[in-house]
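Q: Residue numbers (the numbering used here), protein chains in the order written: chain G, 1 to 349; chain C, 1 to 349; chain L, 1 to 349.
Hints listed in this document are in silico derivations from the structure and should not be mistaken for laboratory results. Everything numeric in this text was worked out from a predicted model, so none of it was measured. Hints may contain errors.
Claimed, not checked - Residues from chain L shown here face chain G by an in silico Cβ test under 7 Å; the list is partial:
id : residue
1  : Gln77
2  : Asn93
3  : Thr97
4  : Thr127
5  : Arg145
6  : Tyr303
7  : Asp305
8  : Ser308
9  : Arg326
10 : His332
Claimed, not checked - According to the in silico footprint, chain L covers these stretches of chain C (three or more CB under 8 Å from chain L):
id : segment
11 : 25-37
12 : 90-99
13 : 285-291
14 : 328-334
The beta-carbon is built from N, C-alpha and C at its ideal position, and this holds for glycine as well.
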Amino acid sequence: MADRPTSRRSFFGLAGSAALLCTIGGEEVVVDSPESLDRADAAAARVRRPDAALAQDVPQLQPQPGGVRREYWIQAQTHRWMIVPTRRDDWHNRRITGKTTYRAYTYTEMTPGFAAAKSGPTMPGPTLHAEVGDVLVVHFRNADRALRQAVTMHPHGVKYSPEYDGAYMGEYTHAGGFVGPGETFTYQWECTPDSVGSWPYHDHGPNHTLNTFRGLFGMIRIRPRGEPMPAVHFALFAHQLSPPVTGLPRNFQCINGRAYAGNTPTLRSRVGQSVELTAFGMDNNFHTFHIHGHRWKDPAGQYVDNPSMGPNEHVTARFVEDNPGRWLYHCHVFSHQDTGMTGWYIVDP
Amino acid sequence: MADRPTSRRSFFGLAGSAALLCTIGGEEVVVDSPESLDRADAAAARVRRPDAALAQDVPQLQPQPGGVRREYWIQAQTHRWMIVPTRRDDWHNRRITGKTTYRAYTYTEMTPGFAAAKSGPTMPGPTLHAEVGDVLVVHFRNADRALRQAVTMHPHGVKYSPEYDGAYMGEYTHAGGFVGPGETFTYQWECTPDSVGSWPYHDHGPNHTLNTFRGLFGMIRIRPRGEPMPAVHFALFAHQLSPPVTGLPRNFQCINGRAYAGNTPTLRSRVGQSVELTAFGMDNNFHTFHIHGHRWKDPAGQYVDNPSMGPNEHVTARFVEDNPGRWLYHCHVFSHQDTGMTGWYIVDP
Amino acid sequence: MADRPTSRRSFFGLAGSAALLCTIGGEEVVVDSPESLDRADAAAARVRRPDAALAQDVPQLQPQPGGVRREYWIQAQTHRWMIVPTRRDDWHNRRITGKTTYRAYTYTEMTPGFAAAKSGPTMPGPTLHAEVGDVLVVHFRNADRALRQAVTMHPHGVKYSPEYDGAYMGEYTHAGGFVGPGETFTYQWECTPDSVGSWPYHDHGPNHTLNTFRGLFGMIRIRPRGEPMPAVHFALFAHQLSPPVTGLPRNFQCINGRAYAGNTPTLRSRVGQSVELTAFGMDNNFHTFHIHGHRWKDPAGQYVDNPSMGPNEHVTARFVEDNPGRWLYHCHVFSHQDTGMTGWYIVDP
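Bound conformation, chain G alone (with noise of 0.2 Å):
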């Protein structure tokens, strides 16, 4: 079935897919246009290094009594990335037209010594996993040769001293604040109680929202010591790709980097399998992450089957899957859910 063309115009102005006012270095750019996204980043290849960057004098930390030291090897590079492989939505039976491919910016999981990619580009990141008491060690390469700009990992819910913060501070930055193109740097961080649980990582350099905004996004996952793992988990990204992102005329809500159902991730599970899916908000907006057929307790103890989350929170749905069939996730929110938002979860009897 042929879609109406709808113009730039109408897509710009849709709610949620206004101009983005980022902040890079010293300068201000409204990112509204293909051409304003270049001018962005420009600006970010001009942030010169700050000098408190240049010290490379970091803690070496030890993992409690029965922790280690959980290696890994993450390098971050831009790529052309598809929204919309299949170019179908599957929900709705519908053919997606135009184009549907950007450059994207995402983290890879690589083999020691950044030899090799284990597997092609991803969005999200590799999950981090590690127990309490461990050190999560996480060798860091800027592989980008295109954009020429500092990029970095900034975790959420494990326990790091200001140098391993990843956080571009301007004059106060540390050196993994700053990971210029061809650089590394070694991020340590430590996994206490208070770590438990699902948390995000993302990029916070200079040009941390267009970076972040482009794909380099993650999950951290710390469980108690000796916990198994649930026998069925993902990690779930709501976030836009909004024309000032893409630079194309359309605006795309997106899980994990893709549109609608079919190209989102269809999650599986079998009954009697315990599940756990963890979901987080990763743009401006705020999202719900409602399951059809399935509810599950909150931190709170009230169940719950649509809880929302803010940008860079998340909920978790835990339960032992006891409901087959093919079903609809998405968020709730209805213009997201109708502009890509949603995915399968497929339960086998």
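Please arrange chains C and L on chain G, whose structure you already have, making use of the hints.
A: For chains C and L alone, kept in the frame of chain G given last:
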């Protein structure tokens, strides 16, 4: 006192009254004018019944020991609805001028066999009550002759198999996800221990965003077996009737389909009564629910007087009344409060 | 480094800086320009005192045994306020150019009898402290001569009869809901066991949206009898100073009336101290509250580092400080963070 006229442009430009982007069957329609509203309905009328939705082989559910099958007969229909029937804002002692009537779509409770309406049109539809162990049996009829499109009832909170999900899912649609004009379908939903609480139901047919926003929503309330009802209980839906939905030149922030105190529900109780107020978000926005002069414990045990809720999320205020007088209740998003999302709560001594 | 100029149109078009629709007494005013701001104030100045508000027969409240009457003298006044007094964004090491001064409206704590101001203007107003069993007695004076309109103090969390609600309610207004220029009113609010916690107070007069957004807000903190205060405690209000409120050509996302790190409060503590940070939303938007390097238990017992809050909702972070350094705190709505809603939290060893 006279109102200053406000141009259509101004109202369209106000936060939250932006165009709606709807995905309707095989088409994407930007609804931003009365003409595009007609176009959306025409697109919805073109959606054909998916083949899978022809199968009527649905399971018959029996209640748990001690439970019953609670039957409701509910009909969906459009009709003219006045958003401001008193033509006054009783809070500001102010006349509301201009057109406030639009084509609403609501659920009406009927006597058995759809023989007669139990009341005139209401928004929300009837509250469905049941206890744990019951099966809610909802005989649903799409009785609308004007818009010629399929609608459904999709519940939250109760347990249902895919046949009773009530969601249009393209080629995966079950019969209950596509109830065409003049057709009926009987939903059967289980009330399990994790169903206890209050939940929304709403349209999830091929034109669900527009038709839910027009008024196709209501509340399900499941209580533990034998638990008495509070002396006073109300269901309140916070939702926007925006120009794209109504075709009217201005935006209304509503509670239960009405805007401005004296039109929105005037709630009433007496000192000493147990009171339960459940407030839902039912549009694209996030809201809060505030009652003057009252506090209550949230599910985490913290006293609150203004919790927030997302679309299809709810908060429930439960307290024993101890504070006589005339009180305002309202959403604390200031612009929502100012454009109608306010009402009276009157406590008699 | 130089800023690129951004056109007024661009700033007006940014998410969240849309026109304000205010209902002021008998008039509805769209505030989207300096001229319409004047028109809103003129409308507010025309609101006459409702007849019911003439009655001054208000109850005199006595504290519970062991409690006291805690008296405050508070005055509301407008004055010029600098949003970016340092003219720098200390986070990005960046100069902020252009006008940043507007007419603010704030609450100032006075010595008894309104003899003298206890300090220069502050935003928020003074924190009102009390214990369970106390009566908060607030002598309030509308001391503003410029805007010639009624203002009030409306509290959350404490218990009050309608006479002390502090809300303009048209013909149902009590005396405390309309405090005209030069007038005084004494509010009496009971601190009950369900008042424990932190709560906002703000204007709820006939022009409450505009005047609250201009700065008429503050915090009430009620503690159990005899409970000691934490060593370090701060009240933080996340709010937008948008063009309709300030008449300035650009949008500022503020904390306590200031935008950008170095202007927003620089919080300070020492390792080992008990810290309590309470963050409120105080505009039309939803926000989150994030502190780098810290986690704390929310009311449900879950560790968080970035909870969300709606307008007039709050979150409180309580922890024993263990992580020295210079940290960012900010709203995690990326565009809010980038336009000023960020500050420093410095922990001394």
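Q: Taking the least C-beta to C-beta distance, is L/Asp305 closer than 7 Å to chain G?
A: 5 Å, holds
Q: Would you settle whether the hint for L/Arg145 is holds or violated, based on the nearest Cβ-Cβ distance to chain G being less than 7 Å?
A: Cβ of L/Arg145 sits 36 Å from chain G, so the hint is violated.
Q: For the hint on L/Thr127, does the least C-beta distance to chain G fall short of 7 Å?
A: 26 Å, violated
Q: Taking a Cβ-to-Cβ distance below 8 Å as contact, does the segment 328-334 of chain C have at least three residues touching chain L?
A: Coverage by chain L holds for the segment 328-334 of chain C (4 residues, Cβ < 8 Å).
Q: Identify whether the interface hint at L/Asn93 stands, where standing means a beta carbon of chain G within less than 7 Å of its own.
A: At 3 Å from the nearest chain G Cβ, L/Asn93 passes the 7 Å test, so the hint holds.
Q: Are there three or more residues in the segment 90-99 of chain C whose C-beta lies closer than 8 Å to some C-beta of chain L?
A: holds (count 6)
Q: The hint names L/His332 as touching chain G; please verify it with the least Cβ-Cβ distance against 7 Å.
A: 4 Å, holds
Q: Is the shortest C-beta separation between L/Ser308 and chain G less than 7 Å?
A: 3 Å, holds
Q: Hey, does the L/Gln77 contact hint survive, CB to chain G under 7 Å?
A: 32 Å, violated
Q: Within the segment 25-37 of chain C, is the number of residues with a Cβ closer than 8 Å to a Cβ of chain L three or more?
A: violated (count 0)
Q: Min Cβ distance, L/Arg326 to chain G: is it shorter than 7 Å?
A: 6 Å, holds
Q: Quick check on the hint: L/Thr97 CB to chain G CB, less than 7 Å?
A: Interface hint status for L/Thr97: violated (10 Å vs cutoff 7 Å).
In terms of the numbered hints stated before, the structure departs from hints 1, 3, 4, 5, 11, listed from lowest to highest.
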